[in-house]
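> What follows is each chain in one-letter form.
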Amino acid sequence: MTLPFTKSEVNRVDNFPDLNAILATEQRRQGGVWKLLHRSFWGVLAIALLIASARTARVDLLQFWQRIPTVGEWLSRLFPPDFSELPIFFEAIWETLAIAIIGTGCAILVAVPLALLVARNITPVQWLATPLRGLLNLLRGIDTAIFALFFVSIVGLGPFAGALGVAFHTTGSMAKLYAEVLESLPSEPIEAIEATGSDRLRSFAFAVLPEALPGLIGISLYLWEFNVRSSVILGIVGAGGIGYELLVSLKLLDFPRLCTILLLILAMVSLIDAFSAYFRQRLN
Amino acid sequence: MTLPFTKSEVNRVDNFPDLNAILATEQRRQGGVWKLLHRSFWGVLAIALLIASARTARVDLLQFWQRIPTVGEWLSRLFPPDFSELPIFFEAIWETLAIAIIGTGCAILVAVPLALLVARNITPVQWLATPLRGLLNLLRGIDTAIFALFFVSIVGLGPFAGALGVAFHTTGSMAKLYAEVLESLPSEPIEAIEATGSDRLRSFAFAVLPEALPGLIGISLYLWEFNVRSSVILGIVGAGGIGYELLVSLKLLDFPRLCTILLLILAMVSLIDAFSAYFRQRLN
Amino acid sequence: MIVVENLTKSYQRGHFALQNLSFEIVPHTFTAILGASGSGKTTLLRCLLQLTQPDTGKIWFQGRNLNQCSALELRQARTQIAMVAQQFNLVRRRTALENCLGGCLPELPLWRCLTSQFPASLLREGLAALERVQLLEVAFQRADRLSGGQQQRVAIARALTQKARLILADEPVASLDPETAHVVLRLLRSLCDQEGITIICNLHQVELATQYSDRILGIQAGKLVLDVPTHQFSNSDNDIIYRTHLGSI
Amino acid sequence: MIVVENLTKSYQRGHFALQNLSFEIVPHTFTAILGASGSGKTTLLRCLLQLTQPDTGKIWFQGRNLNQCSALELRQARTQIAMVAQQFNLVRRRTALENCLGGCLPELPLWRCLTSQFPASLLREGLAALERVQLLEVAFQRADRLSGGQQQRVAIARALTQKARLILADEPVASLDPETAHVVLRLLRSLCDQEGITIICNLHQVELATQYSDRILGIQAGKLVLDVPTHQFSNSDNDIIYRTHLGSI
Amino acid sequence: TPTTTQNSNNSPEVASLTRLTFGVGPYFPIPNENRKQFEPLFNALAEQVNLPAEVTVADDWIGISEALRSRTLDVAWLGPWGYMLARHNDPSLQAIATVKYKDKPTYYSVLMARADAPFNTLEEAIAQSQQGTKLRLSLADVGSTSGWLVPQAEFKRRNLDPKVVFDYNEGASHAAQAIAVLSNQVDIASDYDRNLDVLTDEGKIDKSKLKIIWQSEPLPNDPIVVRGDFPETIRTQLQEALVNLPPEQAKTLLPKNYTGFITSDGSNYASIEQAGLLVGKLK
Ligand SMILES: Nc1ncnc2c1ncn2[C@@H]1O[C@H](COP(=O)(O)OP(=O)(O)OP(=O)(O)O)[C@@H](O)[C@H]1O
Ligand SMILES: Nc1ncnc2c1ncn2[C@@H]1O[C@H](COP(=O)(O)OP(=O)(O)OP(=O)(O)O)[C@@H](O)[C@H]1O
Ligand SMILES: [Mg+2]
Ligand SMILES: [Mg+2]
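Chains as they are written, first to last, in our numbering: chain A, 4 to 287; chain B, 4 to 287; chain C, 309 to 557; chain D, 309 to 557; chain E, -17 to 265.
Rather than coming from a laboratory, the hints here were simulated on the basis of the structure.
Source: prediction; values computed, not measured.
It is possible that part of the hints are untrue.
Stated by the list, open to error - Derived lysine-lysine pairs resembling DSSO-like cross-links, with alpha carbons at most 30 Å apart:
#, chain 1, residue 1, chain 2, residue 2
1, E, K116, A, K254
2, E, K86, E, K18
3, E, K84, E, K193
4, E, K82, A, K254
5, A, K38, E, K145
6, A, K38, E, K138
7, E, K186, A, K254
8, A, K254, E, K189
9, A, K38, E, K18
10, E, K233, A, K254
11, A, K254, E, K191
12, E, K186, E, K84
13, E, K191, E, K84
14, E, K191, E, K238
15, C, K366, C, K531
16, A, K254, E, K18
17, E, K233, E, K86
18, E, K233, E, K186
19, C, K471, C, K366
20, E, K82, A, K38
21, E, K116, E, K18
22, A, K254, E, K84
23, A, K254, E, K145
Let the sequences and hints guide you as you build the complete structure.
Dropping the structure here:
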């Protein structure tokens, strides 16, 4: 029996409880004015931050609108695409895909246990969750390029260093996003399985995995796709792939070439997206 | 009454139904051999892909293990960090944060309705979902840098172009991840609200939002953090921020400076993570 | 009020959850639907509201064909029909009171739904509905922290707040103790008698059905096997509904 | 079998969901717990299994103090206790049969849980349990596509498959039609009589409690107000459990 | 290192070398172009010492320098500034040769503007920028010798901060610099003389629409660098092979207009080192 207002209040009014009084009591309990102040403090802070950001970023919507018509001209420069280097691009795409597959694959292997340890609703060791979250922040905070460079001194220049860099950096993002999926699962079925005396791992395999799998697959493929797209930075260890080709075209202002690469990347992203959709649908 | 096996089968065995027969029937129905073939096809494909990737990425675990001991030396070069340029870095961080705030903020505004239209379980117009997914792929497939360069031709060099680039590119990722969160929500409460004759938007606001909010906030802050981290690329439109400083330190092989920047980024990532955790906890 | 013609629904090919159901519900009456577990009662109610798409058959509500009307018309019809789902389907992260207000969202501007700032008049209505199901005490408790029976009553209160002309209740007293169950059914009965609301109610306890309803429909394996006024309901009818089911054990 | 000493639990300061409960359950008996909606029955069962942490009080199961034992010991104790939850809590994306096997995971190697490749002997056991609750027909249907009563029976079958010494059933027949309810309670009764399994069962229908149980505990607003052998249960006892509750309407 | 102990030290090291790994930086903007252009030379070099070659093309000096330092790369073609940075990172690196372009071992860094710009020299430009509206200055990537280091050093020498004097931007690619000036995106941009010729040859720009407002002292061309602990004998063999590369072979092995190598011990890069020290990026 949980009473947000005192019992006497309910009894006093008997058959016609004073609903207004109840509402008022509840509002008082929630601390009306204080809460309002609290909220408006955050609101004002957010708005101030937004305005300051807009100033720093030199947002100028007027100019933006006025110059919108020039868009067409810019786009027209992309055409016609230049398909002459297509074989090279395909090779670059495959290299990028391969690095992303190895990197993301390793990241998945490490991220699953990490996510299990970090997700607040299923971690078996609460005290470990916080330091592990720190580790994840570390992995996320250090760029792929820096990891890659670091691994150059171990495995030398080349795609392997790139793949290792991808793996380490991605692990941080992946475990975080995985943990988020796991935390959003309904707790009852998991609890029901744990109530049978089953241990964490088995409960996870039996009750958590089937529910979470679509989400986990979605995230894994998203990060894979992301790694493919963002292979630019791996150029510094000699593992450029398609992202680097894109950057080069951009720097050379070679728009027809850029257009071809964009089309290829788009095709790849769409394929991965379709693949992800197909997979998740099959799980239903 | 759904019978995976024929009714006669149940009746025939009467009080002692032949459980083995039922199991066998079910296995037949699932198409034992065929399914096995199907599965092993995918399995073989996956393994082949993995091996091919490992070759392309020149994975060489032996060398990796042998040279692991050199790690310490590499790390030692990062110390001591060089704090002399701290004020410059703080300015750069703020610039990056500002660009990311504006960019991510705009992306959120656009991504929410897009995600609503794209999430398969709540979209009101199924036929629109597929083309919109294509649009999202497009936004995701085109790199921040390219969008930024594109906007340079509209608003000139500077952080505004960078913020616009961030906004456009992030919209794609955000709407996709949002949609994934929305799709993983239990459908019953949403359905219950729709059964009262309420329209999509109100059902969303009432039944979807409270459940999805922690996930949406987590993703938004993750992408904000991501945009902060990845501001490297904005250097090319003259909106460098901390990411560009990092790249410069790398290019000049200035490790103590690099270390300081890494520490700053780490602090920032941890702060955003803590902020996210605090927010999500308050929602519970 | 509502007319069902040849309603058929099958989830899996060859197995009918509902088969060729036809009946008509007269306004201002209390109809109880009886049937064994898995006989298709929930499916029937869901089909009436078009939450499950029937395979064939027509459903008329107040002269409007719900199968073929536009989305807008369907929404309008649904505001007139309240549903108490078997699994309650409350929004877990909202309080009991807020969940009650879920019944009258169409009246509210969007920003109020978004910010959860509901007008006091509506809150009072919600509280009044909660009071009718004896839940004032937990009005401000989150729905996922309520006991099973409390959740069920919040779902009923939500239906009350909706002020519909027709209430479809799917086993509304399954999780309630006998006293509270009588309170709830008395409430539904009085809504029917005094406010002229039509009620269709799935029930498992035959005594409750005979005590409160005007008419009893019996469903067995998806077929309508019984349709009698309550005062004519006999023990043999009881057998008709549940017997063959038992025979297959 | 199980001894409860001064069990107290409050979710919100000052309001007790359970207050100072003490009782002892003798092995091989069938105990029914009665109480109004919201009186604390579910909380009590959950506290017994340590799914909800009691504030104070001790719980002994087979001579082991469940409040203070290690995680491993708790897991071992839990394998001996099966729970049928009020909301069923099935894994939605698994079939009814797979859900049954959820009761015997500790016996399985991890890879079988991961790949859902369960041994045939176990599958047969699961099917046998489903047959006892008359669900063979939907054994291979996903849990979220079952009707309410079918889900409830799957939860019961899961408890059967667990082969526990003690079954805690939280309103196990709430969503079942009268015939099926009797089948299920007869089943529980026979488990108790023939296999010596101890049963604690929350119920709402007093007739069912008097018909099947050996002993009746009455809970009212978190306090134990009644503890009598079933044959001594009288109408006045009924009033004790539900009366004051009605008085507060 | 004393030459007397060389042989006894080297033989096991030489034996442990199973292949020669070569690295080359972003000399040509297109990655595949880089590989195509440099692979023949490296293959020929490796053949001289009877070892197989493995060539990696990276788009920055960073990776190469790290690989040299960790001894996972043997020989690299670096830029002058990249060489100085790498040697700063690992002093045991050694330059063994400097490449000749049209027979000259040097080139120039330039600052250019549109031909119709109202200033003709850097001084005038600075003066104009300090008085009226700021001129837009674009320097190249910080890893670039001619596009970033040398102009930066020049400003430092004049005690100016380009970020204050100009509307400053850095990080552009060499290929884009001239185009940016011509398309009026910037007023002044840095580049090196050879690149302007190449762009003109390819028909990408019209050189007559540009003017040079500043030119540096002659800068040493790119060095060939070997890692520390590299076997002395092989190093000498490589050096000899490079320096003695016949011009007709150079035509087939080297990119267009490169004519061979002169020997180097790193001392000809002192001016670069000074520039680095001046801008404060070397210590
Ligand atoms: N989504 C679904 N997919 C497949 N089969 C379903 C689905 N929903 C229900 N069924 C099947 O249809 C039949 C009728 O289900 P329904 O939920 O209508 O039964 P019910 O009469 O409400 O039973 P109960 O009293 O147990 O709630 C059952 O056999 C059930 O397994
Ligand atoms: N997680 C929770 N947080 C706060 N209060 C809770 C929580 N769970 C239950 N309660 C409250 O504790 C009281 C007892 O709940 P409990 O679920 O034990 O009742 P019950 O006897 O099982 O009722 P029912 O027959 O309706 O299922 C109720 O008033 C309920 O609102
Ligand atoms: Mg039902
Ligand atoms: Mg309960």
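> It remains to establish, for every hint, whether it holds in the given structure.
For each hint, the structure was consulted:
1. E:K116 <-> A:K254: 25 Å, holds
2. E:K86 <-> E:K18: 23 Å, holds
3. E:K84 <-> E:K193: 23 Å, holds
4. E:K82 <-> A:K254: With Cα atoms ~27 Å apart, K82 (chain E) and K254 (chain A) stay inside 30 Å; holds.
5. A:K38 <-> E:K145: 48 Å, violated
6. A:K38 <-> E:K138: The given pair, whose Cα atoms are some 57 Å apart, is violated under the 30 Å limit.
7. E:K186 <-> A:K254: Judged against 30 Å, a Cα distance of about 14 Å means the pair holds.
8. A:K254 <-> E:K189: 20 Å, holds
9. A:K38 <-> E:K18: 68 Å, violated
10. E:K233 <-> A:K254: 29 Å, holds
11. A:K254 <-> E:K191: Roughly 22 Å between the alpha carbons, so the hint for K254 (chain A) and K191 (chain E) holds.
12. E:K186 <-> E:K84: 22 Å, holds
13. E:K191 <-> E:K84: 25 Å, holds
14. E:K191 <-> E:K238: 25 Å, holds
15. C:K366 <-> C:K531: 16 Å, holds
16. A:K254 <-> E:K18: Status holds; Cα separation ~20 Å.
17. E:K233 <-> E:K86: 15 Å, holds
18. E:K233 <-> E:K186: 24 Å, holds
19. C:K471 <-> C:K366: 25 Å, holds
20. E:K82 <-> A:K38: 75 Å, violated
21. E:K116 <-> E:K18: 43 Å, violated
22. A:K254 <-> E:K84: 27 Å, holds
23. A:K254 <-> E:K145: It holds: about 22 Å lies between the C-alpha atoms, which stays within 30 Å.
Checked against the numbered hints above, the structure violates hints 5, 6, 9, 20, 21; every other hint is satisfied.
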